[in-house]
Amino acid sequence: MKNIYRKKIGIVVILFFAVSTIFSQTMPMKDKFYIGYQGSFYYYPYWQDYYFPGLHSLNINFIQNYGNHSESGDTNDGGFYDEMSVYQTNVNNFMNSWGNIFQNNALIMEREKILRGAYGQLSDYQAEFVPSTTYPRYGYANRNGTEYTEITSDGDTVTGLCTGLPDNQGNMLVSGLYENEEQINFPESFNIPENNHKISYYYSDNKTDYYKWFILPRMRISVDDATGPDKKVCRIDIIPFDGANTISFDLWNYDFRYFGGGYNGDYIDLFYRRGQELQNINILATNLNNGNTACTDGKSSHPENSLVDYRIYWYGQVKLWLDRVRVMDEWAFYLFHPDLDIQLPNPYNFQGKIQQECQNNLMGGNSNFGYFYIDEYMYNNIPCIAKVNSIIKDFKSNSGLIAETNSSLIINYSGLVNKPSPDDIFEYLFSSKAITDILFMYEYPFTYKKTGDNDYSLFPLPHNLAERLPDKASFPGTVGYYASVNNQYYNDTVNYWFENDFYSGFGYNYCFIDQFRRAANFQKNHPQVRFCGGTQSHSYESPFTFNPPLPYGSLREPTNEEIRMQEYLAIAYGAKIILNFCYTTFYSSYNGNTYNDWGMENTNHSLRNLNYYNQKKYDTINNLNINLQKLGDFMYPKNEISNYFTWDETRTVDKQNVGLPYRYLNNIESYPRINGTTNFDMNNPDINKYWEVGFFNNPQHSDYKYMLVVNKRLSPEENLTGDSRKAKFTFSGYEVQGFNNWS
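In this note's numbering, the protein residues as written are 580 to 1322.
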């Protein structure tokens, strides 16, 4: 049986197992469909006079708010060391004003007291053999000893390396660290965060001139050896970047005695000299980076030259079992060891500050609040993100920390030699419990780069917008914009880069479509986590103002059609939450030129009615949000989780019709319009197919079939100059036999 159906665009659905007990009804942003914007909204009176009225008119129901980053004296947002009384009034007014206008919808917020600990760095280097197929390869090239596996008294299974019986000769137990660039990939020092871009400050491996890295080897010896005659057990050698000026620490058998004097043979990684004074095995970040130089963006100029190593030399006098060598920066060390933090002259008090943010009047009882937020981060930040998320939930069980996830950035910037895949990162975020509630994944696709005078590449503009290109003298940030020769070239080029990895001025970018696919499958495997799709609605011209300027690597402003495609694509891959970047607009100057990072507002905070191409940006996006919300409300009715649609699969239908047939859909044919007319050439289907088809099920109606068909031809349709298509769908298979009521 074959049914031909003309122009059938289905309904969107998301994947989640429809069992109401899976999701807590009290968890924010799990009760319905959400559309929101990212931005920097704190400063009074901007949020009262400009931001909230503008946001409300855009028909959204949540925002993600960036915060200021400072030490103290911040009456708007609060610095890390500020008492609550300094900023409580402003933030309370901010949250209450939001609730009054938006009727208690969700806020996702950066808070400085949350971020510091979450940006701590922690890496565990295993003593046992780590295969080359392990990503990252957290282990050592040189190992002398015997591998073992044992179960501890606590029931934990430990695999490591042991020395064998004492021979009074000794040897280097482990050396030759594989992943030896994580602590030197951002060597530049920044003493105070408010004077630096947050990426520079938080990513820096050398926060201040006195910032430390701690080395914690986890090992054990026998009880008899710990209480016997004094003997040297091992030496920890810390090798800096250039291999010179090694710092060494000896551990004796009496260092294994706990604070107070006893030892029961357990694994430990903190050691006390005769059970009294803590042996701080650490190195200043400045010393670890000896010989390391930074590029203009703060990254190491030649990280591949790193000789960093954390070696363990066994003296041959006491049998030793080594599990791993943990390396932690100062923030991570005191986040995980709060009892040692309080002994500092100026303690971080991470847990106390997190508790303040969770339980005070700002967040504790405010129904507008949803989650805390951490922006871009590195791979070895993930254990600390997980720790902070856990602490938040201890104090505020129906909240947590949302960690923005950009796989390309994490993989390219983290200083890893054996780089994990995006799927590896997603699973690690989940298994570590860094992500427990919402997976916020973004890949902003519309980049361009300039590597030569005539080399403008990646994403062109539609052919019929050529005459509207901005004046480059007035808008120098558009220097890399160029128009395609025709609509076919534009659609071919854009869709090619949607479906392939590419290298832009920002580094290696993973396939845009694949990233949505990974997020959808992640959500399918972990239904307690909601997929939030991050979409690009902004330009990013700031790289032109870097010192020295980088005349490449920017984000061009997307057209209205490109924005619409991203949001429907996210929904076709099961996103229940759409987060646009961004609302607020920033501008900067360099060499007399002004560059704009355009959001949904102008530089005077009025709404941006027209984009660079004289398209009606505000009106179009406003109508888009209204339609998306209607679609989301249908798919995910408020507080009716058992009635949520479930995502089945999304298929890419390209030039060769890859992806079909699938289930009841056998084929899609695309018919072009006859040039200059409103008629379509129904005799000549085009081999060039640019569709994305999401398949969904309704748990309440198993006999209903739903699909969302996203058109990825993005040439604007104005005065018959676009690329309008008529589609035919061919259905086949047992699932649609007898159906004659398509709508």
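Bear in mind the hints are in silico, worked out from the structure with no lab data behind them.
Ideal placement from N, C-alpha and C gives every residue a C-beta, glycine not left out.
Treat each hint with caution, since some may be false.
What follows is a set of in silico ranges between Cβ atoms, one per label pair, in the way DEER data are often shown [said to hold, decoys possible]:
1) N747 x N939: 20 to 26 Å
2) S1185 x G678: 22 to 28 Å
3) T728 x M751: 19 to 25 Å
4) G678 x G822: 53 to 59 Å
5) Q922 x G841: 31 to 37 Å
6) G931 x H1280: 19 to 25 Å
7) N1183 x N925: 18 to 24 Å
8) P917 x S801: 26 to 32 Å
Cut-off 30 Å, straight-line C-alpha distance, at most; resulting in silico cross-link-like pairs (DSS-like, lysine-lysine) [unchecked claim]:
9) K791 x K611
10) K1103 x K1195
11) K898 x K611
Here's how the hints hold up against the structure:
1. Restraint check, N747 to N939: a C-beta distance of roughly 60 Å breaks the suggested window 20 to 26 Å.
2. Our hint of 22 to 28 Å for S1185 and G678 holds, since their Cβ atoms are close to 24 Å apart.
3. One distance hint, 19 to 25 Å for the beta-carbon pair T728 and M751, holds here, with the actual separation near 23 Å.
4. Checked against the given bound of 53 to 59 Å, the beta carbons of G678 and G822, roughly 58 Å apart, stay inside it.
5. The hint said 31 to 37 Å for the Cβ distance between Q922 and G841, and at roughly 21 Å that hint is violated.
6. G931 and H1280 have their C-beta atoms about 52 Å apart, which leaves the hinted 19 to 25 Å range violated.
7. The supplied range of 18 to 24 Å is broken by N1183 and N925, whose beta-carbon atoms lie about 41 Å from each other.
8. Checked against the hint of 26 to 32 Å, the C-beta distance between P917 and S801 comes to roughly 31 Å, which is consistent with it.
9. A hinted pair counts as satisfied when its Cα atoms are at most 30 Å apart, and K791 with K611 does not qualify at roughly 45 Å.
10. Restraint check for K1103 and K1195: not satisfied, since their Cα atoms lie roughly 37 Å apart, outside the 30 Å limit.
11. Among the hinted pairs, K898 with K611 is inconsistent with the structure: their alpha-carbon atoms are about 59 Å apart, more than 30 Å.
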